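Following the hints, put chain B in place on chain A, whose structure we already have.
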Amino acid sequence: MKRIEVKLALPVVAPLLDVIKELADGLGKKLAAPLALTDLDEEYRASWVDELLAAQNEEVRVLLSLFDGDFFTDGVVAFDEDNAEVIVRACAAVRLRLRERYLQGLGEEALETADVDLQQLEEPLRRAFMCYLFLATVQELIIQHLDESILGS
Amino acid sequence: MPNPQTDTKPAVLPELQLEGVWRVVVLNDPVNLMSYVVMVFKKVFGFNEQTARKKMLEVHEQGRSVVWSGLREKAEAYVFTLQQWHLTAVLEPDEAH
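Chains as they are written, first to last, in numbering that gives the first Met the number 0: chain A, 0 to 152; chain B, 0 to 96.
So here's chain B without its partners, still in its complex pose:
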């Protein structure tokens, strides 16, 4: 049993150790409306209004935003769903894991 006092290393799920962690990154485009991107983020990721707006502004101002990270299979599913909404998204390995 882990000891919360001495065991300070964060727990990593076995699946993540095997496959690594992947980031879903949404890229900016000048066409899709800000309100549309906010709505898509709320719909696809279940973000609240504040988080969705923050992520949308990251995309708009920085050209990209990491909107999710986790297992490759689920990350691919998110990219597919974002493509259904005509947003451009890529996957990149999360080097921190």
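Okay, chain A solo, but in the shape it has when bound:
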């Protein structure tokens, strides 16, 4: 099984985990990407949303479980074919929620290019944007090294 391990700087990453944990509760109640279909039967739509929310909740749970007690000992997280798909989705969900909660004021171009001077941002915006960048890096790592596992699953 292909597996990648990444050693992270604890003092940098630990505060970002607090941001993810804070958003996790909300992600259990509201879809990160709103359901845009308007002409679905109400009952059918409700069952869709329930199923999507359950999946989203589980994704974020798996993401947070990467940073358990062992992580605070060695600073290492591991991605493999068992968790790659779920983690890459969880990162997408949290990034979307970060935008909604904290990053609206940055504008679309800044969010797309990530061309923002972090020193110019004030808390809690700065920490939220660092979290946004951190999760994008996790996604890039997984897509670069484990996309075949995801596509083949």
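Hints are computed from structural coordinates only; laboratory data are not their basis.
Careful, some of the hints might be misleading.
To be verified - Calculated lysine to aspartate or glutamate pairs in the EDC-like style (CA-CA distance at most 16 Å, straight line): (1) B/Lys41 with A/Glu147; (2) B/Lys42 with A/Asp146; (3) B/Lys42 with A/Glu147; (4) B/Lys42 with A/Glu80; (5) B/Lys41 with A/Asp146.
Note that the structure is a prediction, hence the values are computed from the model and not measured.
What follows is chain B alone, placed relative to chain A:
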């Protein structure tokens, strides 16, 4: 039996005549990475790299891309799957059919 020389009207499946053809349209967002969208298109629709990149760039540059068309039920299933990947997608009737 259709005559290929004289019967030029394209064949339409009976199900399509009954329900019409629906398009699955993916909408742009500034958050999801280009590489992520390409991977999702490959995974969900079985696109090759070239097609997936072309569709992703349509979304990025034009704000939307039609990624599939066909029966309503299957189109809804694709929208659901795209939502699982946190992409925003809508359905619209394909007026050409």
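Sort out whether A/Asp146 lies within 16 Å of B/Lys41, counting only the CA atoms. 10 Å, holds
Does A/Glu147 lie within 16 Å of B/Lys42 when you go C-alpha to C-alpha? The hint holds at about 10 Å.
Mind checking the alpha carbons of B/Lys42 and A/Glu80 for me, to see if they're no more than 16 Å apart? Cα-Cα ~14 Å, so holds.
Would the hint linking B/Lys42 and A/Asp146 be met if the CA-CA limit is 16 Å? 9 Å, holds
Would you mind confirming whether the straight-line C-alpha gap from B/Lys41 to A/Glu147 stays at or under 16 Å? 11 Å, holds
Figure legend: structure checked against the earlier numbered hints; every hint is met.
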